[in-house]
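Please build the complex by placing chains B, C, D, E and F on the supplied structure of chain A, with the hints as guidance.
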Amino acid sequence: MKYTIVVYGAPFSSQAPYSACQFAKAVLARGHSIYRIFFYHDGVLNASSLSIAPQDDAYLPAEWATLKREHNLDLVACIGASVKRGVITPSEAERYQRSGDSLQSEFELSGLGQLVDAALYSDRVITFGAG
Amino acid sequence: MKYTIVVYGAPFSSQAPYSACQFAKAVLARGHSIYRIFFYHDGVLNASSLSIAPQDDAYLPAEWATLKREHNLDLVACIGASVKRGVITPSEAERYQRSGDSLQSEFELSGLGQLVDAALYSDRVITFGAG
Amino acid sequence: MSETGKKRLLYLITRPPFGDAYGAEGLDAVLAAAVFDQDVEVIFLEEGVFQLSKNIDPAPIAMKNHAKGFKALPIYGVEKIFVSMEALDKFALSTDDLSMPVEALEIDAIKEKMATADHIFSF
Amino acid sequence: MSETGKKRLLYLITRPPFGDAYGAEGLDAVLAAAVFDQDVEVIFLEEGVFQLSKNIDPAPIAMKNHAKGFKALPIYGVEKIFVSMEALDKFALSTDDLSMPVEALEIDAIKEKMATADHIFSF
Amino acid sequence: MVLHIFNKGIRHRELLKTCAELIGPDDSLLLIEDGVIWAKEHKENALIQGLLDAGVQVHALQEDLTARGITAADAIATADYAQFVELTERHPRSVSWF
Amino acid sequence: MVLHIFNKGIRHRELLKTCAELIGPDDSLLLIEDGVIWAKEHKENALIQGLLDAGVQVHALQEDLTARGITAADAIATADYAQFVELTERHPRSVSWF
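Protein chains in written order, with our numbering: chain A, 1 to 131; chain B, 1001 to 1131; chain C, 2001 to 2123; chain D, 3001 to 3123; chain E, 4001 to 4098; chain F, 5001 to 5098.
Derived from the structure by calculation, the hints contain no laboratory data.
Wrong hints could be hidden among the right ones.
[Claimed, not checked] In the DSSO-like style, the derived pairs of lysine-lysine whose C-alpha atoms are separated by at most 27 Å in a straight line are:
hint: 1; chain 1: B; residue 1: K1002; chain 2: D; residue 2: K3111
hint: 2; chain 1: C; residue 1: K2080; chain 2: F; residue 2: K5017
hint: 3; chain 1: E; residue 1: K4017; chain 2: D; residue 2: K3090
hint: 4; chain 1: C; residue 1: K2090; chain 2: E; residue 2: K4043
hint: 5; chain 1: A; residue 1: K2; chain 2: C; residue 2: K2111
hint: 6; chain 1: C; residue 1: K2090; chain 2: F; residue 2: K5017
hint: 7; chain 1: E; residue 1: K4043; chain 2: D; residue 2: K3090
hint: 8; chain 1: D; residue 1: K3090; chain 2: F; residue 2: K5043
hint: 9; chain 1: A; residue 1: K25; chain 2: D; residue 2: K3064
hint: 10; chain 1: C; residue 1: K2090; chain 2: F; residue 2: K5043
hint: 11; chain 1: F; residue 1: K5043; chain 2: E; residue 2: K4017
hint: 12; chain 1: E; residue 1: K4017; chain 2: D; residue 2: K3111
hint: 13; chain 1: B; residue 1: K1002; chain 2: D; residue 2: K3007
hint: 14; chain 1: F; residue 1: K5017; chain 2: C; residue 2: K2111
hint: 15; chain 1: C; residue 1: K2113; chain 2: F; residue 2: K5017
hint: 16; chain 1: B; residue 1: K1002; chain 2: D; residue 2: K3006
hint: 17; chain 1: C; residue 1: K2064; chain 2: B; residue 2: K1025
hint: 18; chain 1: D; residue 1: K3054; chain 2: D; residue 2: K3090
hint: 19; chain 1: C; residue 1: K2007; chain 2: A; residue 2: K2
hint: 20; chain 1: E; residue 1: K4043; chain 2: F; residue 2: K5043
Excised from the complex, chain A in its bound form:
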């Protein structure tokens, strides 16, 4: 079956993205495919390239990146939710005169249409809520 996973929580603040990541691995292990992982609300902070994990802690953005490389996953963060929360591309950084970009390269910023599209083409949509 085709799954879409929706993540509302930020790493280091909520368990939601950790649960989502474990669930994604279990979905793939059972032979299903993942159509998209969509990051919304505070979940967009998973796409930040600037967070730095404490030495003995898991660094979730890297986990997502590894998962993407190994399974060619589509990792999309909602652009509206992202720019409000400071996750921005180089072109937004330039346009709004910010000091730099902050989007990890394995993630793509796109509109909420990508969430609707995912719902249309997935057999299952599982949300990991937070807050």
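Here is chains B, C, D, E and F on its own, set in the frame of chain A:
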């Protein structure tokens, strides 16, 4: 009296920082002083220089900056909570090879000792919680 | 799937306005679905009914009024908007107290909508 | 202020571990206070008592085990650690079920501590 | 004298219960943000009524009521931000529930 | 058949009540994250008992139980992540409560 205000919530995700900002203005309007505003937990995202407000929305980081300039406030974000959440100084950006810094200049990153210090020297400590 | 071959997408709005971003971001998610011309339904549950309060005015708290966007949903083609009768009852409200005309649903009718949706999003 | 001229700082831990960051960040706040040699007290309320569960092991959820830090508080000079008796009772727990020796307090004793603290931090 | 500041709505009923049990007779409760929903007259406010019956002062922040289009029940005192500050002056300590 | 995924603890009692009222006889409830606290045998689980009495299947995620050092009551089925996926296979739709 001397007040310290503690903020746990992020702009665009929680009302907590908006309430804290209104409360800070009311404290000053009644003739009190503010010893420190301490940002902890997701509240450290108030110190981000990268967030971009939607056109018709309030931009809280700028509100804090104005308040600081007008009243010489001490705006401190917990350094441990900040770096985990991607709010980093130029020196951290360099050390951890990140694309750029993300700390608004009106804010300072410092340790949790600044929260304890604030408690010792303030008559009142008011927390605005979130999540 | 509905008889028309469209997907049935159900959106639950469960939180009051302003305390967090779920109301505003839930609204944006519904608006995005409206563009795709699917079978979209919205149910306001529990404290979510306060998103439809009359006289919402966040100027005193310096926040943006997203809630008027809910009133505009029919303009964007989202016509199936419901509230939980139990929630209204719990908060001593009637549909007349709300900012837009909506149909109140009993628990069983809400269950039925959940049981027949293709996907359920909650905010 | 306590008789020694130190400030009385009271920390309430109200949430279970791992669901959010308040347990871990509350612990860090208590540790910071310990450094300042003040009169620090910690009370585990409500679901906060699960921060002191025996056998905590977050390896299966790929998160860090901050909770062992609570056990280390006495090493850092924080000796006044309490749990709500009502919370233990609610969850069918006794102090023997906890990861460290703590004193259980009745509601009135907790109220008294709140009423005499200089500042109260909640997590 | 403790000022209890509560900012969550009905879904956090158990949190309000825990808070209410710890409110002493000289303490006050201030409802802010989504917490002002508890200030409305409705079927779900037995906890608030219990506090009022015990003589506890219950306040709701006017700005948050206005924002949400909610009118507070008669028994609830409304306070604006200036009066919120005044409450913190009168109560030497506060605790936030969220 | 709806899989209800619930991830909050006791302070969100009213949210569990709202969720429980909307669980149909063919639906299942899966407790994850802080939600596994409801799976423990204690004085506060009348809502869970009500669901069990109505024949609803109640599951708790084993990984989250282990993380928190909590043992589930006998009447609660435990599920690991693989079984969580299996539950989503068997239930054509899910709703998350948080």
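To see whether the hints hold, each was checked on the structure:
| no. | hint | result |
| --- | --- | --- |
| 1 | K1002/B / K3111/D | 25 Å, holds |
| 2 | K2080/C / K5017/F | 25 Å, holds |
| 3 | K4017/E / K3090/D | 13 Å, holds |
| 4 | K2090/C / K4043/E | 6 Å, holds |
| 5 | K2/A / K2111/C | 25 Å, holds |
| 6 | K2090/C / K5017/F | 13 Å, holds |
| 7 | K4043/E / K3090/D | 25 Å, holds |
| 8 | K3090/D / K5043/F | 6 Å, holds |
| 9 | K25/A / K3064/D | 19 Å, holds |
| 10 | K2090/C / K5043/F | 25 Å, holds |
| 11 | K5043/F / K4017/E | 15 Å, holds |
| 12 | K4017/E / K3111/D | 14 Å, holds |
| 13 | K1002/B / K3007/D | 15 Å, holds |
| 14 | K5017/F / K2111/C | 14 Å, holds |
| 15 | K2113/C / K5017/F | 19 Å, holds |
| 16 | K1002/B / K3006/D | 18 Å, holds |
| 17 | K2064/C / K1025/B | 19 Å, holds |
| 18 | K3054/D / K3090/D | 17 Å, holds |
| 19 | K2007/C / K2/A | 15 Å, holds |
| 20 | K4043/E / K5043/F | 25 Å, holds |
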